[in-house]
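Respectively, the protein sequence lines represent chains A and B.
Going left to right, the first sequence walks through residues 1 to 502 as this note's numbering numbers them.
Going left to right, the second sequence walks through residues 1001 to 1116 as this note's numbering numbers them.
Please note that the accuracy of each hint is not assured.
What the hints assert, rightly or not - In silico lysine to any residue, SDA-like type, Cα no more than 20 Å apart, as pairs: (1) K373(A) - A35(A); (2) K355(A) - T1052(B); (3) K355(A) - P1068(B); (4) K33(A) - G53(A).
To be verified - Here are the simulated distance ranges between beta carbons: (5) G177(A) - K1018(B): 50 to 60 Å; (6) K1050(B) - K236(A): 32 to 42 Å; (7) Q1100(B) - E457(A): 52 to 62 Å.
Hint data in this document are derived by calculation from the structure and do not stem from the laboratory.
Please read all numbers here as calculations on a predicted model, not as lab measurements.
All C-beta atoms in this analysis are idealised placements derived from N, C-alpha and C, irrespective of residue type, glycine included.
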Amino acid sequence: MNSKRSFVLRGGHVIDDVTGFNRVADVHVEDGKIAFVGSRAVDPATEVINVSGNYVSAGWVDIHVHAYGTLGFSNPDTIGVHQGVTSFVDAGGPGIGVLDQFMDLRDRLETTLYAGAFIRPMGLLGLNFIEGNVRTLGNVPITQWVDFAKQNKDMLRYIKCNAMGDYGPGTLRLTKGLAEILGLPLYMHIGEFQLQNPEHLLAPEAFKIAEAGDMITHLYHGNLGQVIDENGKVLKVVREAQKRGVLFDLGFGGYNFSWDVAEKAFAQGLIPHTISSDLQQFNVVRPVMSLANVMGAMLKLGMSLPDVVARVTSTAAQAISIRDRAGTLEAGKPADITVFKVEDGEFLMLDCYTKTRVANRRVVPILTFKAGKRFEANMTLGQDESNWFLQIAEDHVPSAAQVLSSGQREFLSALVEALGPATWDLSSAERLDIERALELQDLFHATRIKQDLSLHEALEALYACFLDNQFTMQVGLLLVRLEPDFVKSRFREVAGARPLAA
Amino acid sequence: MSEQSWSQLPGVSAETNKFPARSSIAGEGIIVFKTKTGYRGVQRACPHMKATMMAGELTANDTMVRCPLHVFTFRLSDGRGVNCPGFEIKVYEVKEEGGQLYGRSANELSLTPGAR
Ligand code: FES
Chain A
1 MNSKRSFVLR GGHVIDDVTG FNRVADVHVE DGKIAFVGSR AVDPATEVIN
51 VSGNYVSAGW VDIHVHAYGT LGFSNPDTIG VHQGVTSFVD AGGPGIGVLD
101 QFMDLRDRLE TTLYAGAFIR PMGLLGLNFI EGNVRTLGNV PITQWVDFAK
151 QNKDMLRYIK CNAMGDYGPG TLRLTKGLAE ILGLPLYMHI GEFQLQNPEH
201 LLAPEAFKIA EAGDMITHLY HGNLGQVIDE NGKVLKVVRE AQKRGVLFDL
251 GFGGYNFSWD VAEKAFAQGL IPHTISSDLQ QFNVVRPVMS LANVMGAMLK
301 LGMSLPDVVA RVTSTAAQAI SIRDRAGTLE AGKPADITVF KVEDGEFLML
351 DCYTKTRVAN RRVVPILTFK AGKRFEANMT LGQDESNWFL QIAEDHVPSA
401 AQVLSSGQRE FLSALVEALG PATWDLSSAE RLDIERALEL QDLFHATRIK
451 QDLSLHEALE ALYACFLDNQ FTMQVGLLLV RLEPDFVKSR FREVAGARPL
501 AA
Chain B
1001 MSEQSWSQLP GVSAETNKFP ARSSIAGEGI IVFKTKTGYR GVQRACPHMK
1051 ATMMAGELTA NDTMVRCPLH VFTFRLSDGR GVNCPGFEIK VYEVKEEGGQ
1101 LYGRSANELS LTPGAR
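The whole structure should be built from the sequences, with the hints applied where relevant.
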């Protein structure tokens, strides 16, 4: 076994509500698993890492991030193991039509990535105005969903939909039905931050449709469809939902956290069951930055540190049914561990509505261990523009295209041929030709299968044509966003180029 | 391409010591940015949720501007949203003559192929 994955974390303050620890104790790790927490003799050959002055908890679980697709990151590990998070769930990035592409991303990450799949086959579109449009739902292929869930039981953690839009609660009921068929929780976004008709508010419907174990995210958002009324009182439907066992998730996000709402609801005892970040391209610079920052905001609101830690470890793991492998430092569990400190000082904390509060503590990750593998915390990696700013290389061929294999270049030629005279209209904010996007994606798959190219290699070839930085994007969505002639000429150009060196 | 007329921008000049600065064209509010290569104007309110572009930041070597509120980012050349497909901001050419700034719409001039 890997001896590097055996070590002792000495002298840290361990917080773990499952085992009841809230005191200084050593954490013994053997072969990437938690062996023991407490004092006992250490083999002199075993590495001892001094973490005194810091806290030690189970690796954090963020049940709401965006890693894949149009809201995701070039390197999602930057908001994962590099920031204290050892497991995260992509909240809606993939749908059934792109879960295969999603798994290709999952396979190259250090952080364990789960899918909170979206009911729409393409997953989240990130095209804003059309998120609530029922026309983008396309078909809901139940057979495909059932087969996929059977083969990948472990990966799907919930089914997501957005409680927004002008078409009534039908989408929510459809999604609830799909979730029931698959035996998964329903996970709903509340808050209408786009330009929906206030008369069509769907949040109240979401509160009614959700059942025990279902989750509602953006608890403290300040848009239309809040959990409090105009007098600041928590709504009766929200209380009833809570009583039924519906779980409310924080989902801080770029639009979804208001200090005003948070303070009012918190004072009445409406507290997020799970603390999640909703990190994505659009909010990593501000106001979210990291799950640690969001945890700091919860301390400021009045939660105790052990309480905050529980809501990103055991409670979060329980909500998405991964308590058998995450969320605690129990002996025998994978050594997913976060070492962090709580700094005193004066820290300005932003919400999503340009309101600020001054906090006197903040949470700072120091080290992360994923199954015993060590990562130094780096809170700036994720902020780098190249990590979140997805740009299409219009005026040049990305350098990655130069190292494509001959098989990959042949695939691109075959794709141009398969496309033939095909054309499509560029999507706009109001209107996305979802059928066309799916057709283009089918053509991509049919061609790679004919060319006997793996999905990974085919995706690599496609992305290399258009992206300087490695982002993932739904194949159909990527193509339908680009002008047909540009796509074909770029494919030809890359396919025809000779590789730099063998 | 028809030559549109330039109009003098009120409230700003080459002497203005702080950019971005507010001005207007034909009654519409604009924000004038000083870039590495000259000046450029954009509509005052972000097309997403109307945050003021006074707080906008130049990025990508001064070729784009990004809204502070949700980081929607627009090309200064033609106003297209680069990370928010379907969104577009109005952009204006701005030139200096004898210390005065003059502007005219630039959206019609865009001929860039490719993404949108
Ligand atoms: S208001 Fe400008 S990005 Fe949202």
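Unsatisfied constraints (hint numbers, rising): 4
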